[in-house]
Amino acid sequence: MESLADHPIIQMILSLVIGVIIGLEREYQGKPAGVRTFTLICLGSTIFTILSHRLGHPNSMDRVASNIVTGIGFLGAGVIFKEQDRVAGLTTAAAIWATSSLGMAIGQGDAVLAFVGAFLLLAVLFMFQYVERWISVHFHTRHYRLVYEDSSRAYAKLPVLFSQFNLRASRKKQTIHQNSLLSHWTVHGSLKNHEQLVQELMKNPELKELDF
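Residues in the sequence shown are numbered consecutively from 1, following the UniProt record's numbering.
Among the hints, erroneous ones may be present.
[Claimed, not checked] The list that follows gives simulated cross-link-like pairs (lysine to aspartate or glutamate, DMTMM-like), each with its CA atoms no further than 20 angstroms apart: (1) K203 / E149; (2) K31 / E132; (3) K173 / E209; (4) K157 / E200; (5) K157 / E206; (6) K192 / E132; (7) K157 / D110; (8) K173 / D211; (9) K208 / E149; (10) K157 / E195; (11) K173 / E149; (12) K192 / D211; (13) K157 / E209; (14) K172 / E132; (15) K192 / E206; (16) K172 / E209.
[Stated by the list, open to error] Per label pair, the in silico range of CB-to-CB distance: (17) F74 / V147: 38 to 48 angstroms; (18) H7 / V137: 25 to 35 angstroms; (19) I13 / F74: 25 to 35 angstroms; (20) V131 / V198: 22 to 32 angstroms; (21) L90 / R54: 31 to 41 angstroms; (22) V17 / K82: 27 to 37 angstroms; (23) L51 / T186: 44 to 54 angstroms; (24) V69 / H177: 42 to 52 angstroms; (25) R168 / V131: 18 to 28 angstroms; (26) R54 / F212: 50 to 60 angstroms; (27) F212 / D6: 52 to 62 angstroms; (28) I9 / F119: 16 to 26 angstroms.
The set of hints was computed from the structure by calculation and includes no laboratory data. The beta carbon of each residue, even a glycine, is placed where N, CA and C say it ideally should be.
Modelling step: build the complete structure from the supplied sequences, incorporating the hints.
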């Protein structure tokens, strides 16, 4: 009985379809790696896996697979970059890595594994963004930079103010420069409480600068 591994053209077409679908999702989200990137990754992984069966020794096929994983790791690292205080591109890098594994599954002849994996991958990319938004709203972290006139009274009220709005804060740095008191805080809490805190801070005439 013939298996998918006996039809390399069908394998490449299936790989193309999966790559396009995942790439469209990334394109829709406005990510740097889109349809062409994910299609080529999935298709390339499939072709390399097919060639490992044709050219490699039965006991050394895993070498090609391990090299694919290594190469994809370098490619994924290229889409990770730092934006101010956060790291961007991690999800796209992980999606590249996972898409390569789907291409390898098709090249191995396991279409069921590939399509189930693709379904789960898309479910994570689509659904988990709403979970992340909910987490961001209810468990939000901000880094505040506050500059006061040289007044220990206003500064001393900050911990009380954080507690008043149910925020957990930790001071990172404090300096005094030219009659100004500069402090950096990392504050955790809901987005609503952060906004209320900012409104309350702005009422203080001794506050010269506020950044977050």
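Handout entry: Satisfaction of hint between E200 and K157, Cα-Cα up to 20 angstroms
Key = Since the Cα atoms of K157 and E200 sit roughly 12 angstroms apart, the hinted pair holds (cutoff 20 angstroms).
Practice task
Please work out if K192 and E206 have their alpha carbons no farther apart than 20 angstroms.
Solution key: Violated, at about 24 angstroms.
Handout entry: Verdict for L90, R54 (Cβ pair) under range 31 to 41 angstroms
Key = holds (35 angstroms)
Exercise for the section: Could you say whether the range 18 to 28 angstroms given as a hint is met by the Cβ separation of R168 and V131? Expected result: Holds: the Cβ-Cβ distance is about 22 angstroms, inside 18 to 28 angstroms.
Problem - Given pair status - E209, K157, alpha carbons within 20 angstroms - result: Cα-Cα ~16 angstroms, so holds.
Handout entry: Straight-line alpha-carbon gap K173 to E209, limit 20 angstroms
Key = holds (15 angstroms)
Handout entry: Pair hint outcome, K157 versus E195 [Cα-Cα no greater than 20 angstroms]
Key = holds (18 angstroms)
Practice task
Starting from K192, check that the Cα of D211 is at most 20 angstroms away, please.
Solution key: holds (17 angstroms)
Problem - Restraint check for K172 with E132, where alpha carbons must lie at most 20 angstroms apart - result: violated (26 angstroms)
Practice task
Could you check the hint for me, namely that I9 and F119 are 16 to 26 angstroms apart, CB to CB?
Solution key: holds (23 angstroms)
Exercise for the section: Mind checking the alpha carbons of K203 and E149 for me, to see if they're no more than 20 angstroms apart? Expected result: Distance ~14 angstroms between K203 and E149 Cα, so the pair holds.
Practice task
Starting from the hint 25 to 35 angstroms, judge whether the C-beta atoms of H7 and V137 obey it.
Solution key: violated (49 angstroms)
Against the hints set out earlier in the document, violations occur for numbers 7, 14, 15 and 18.
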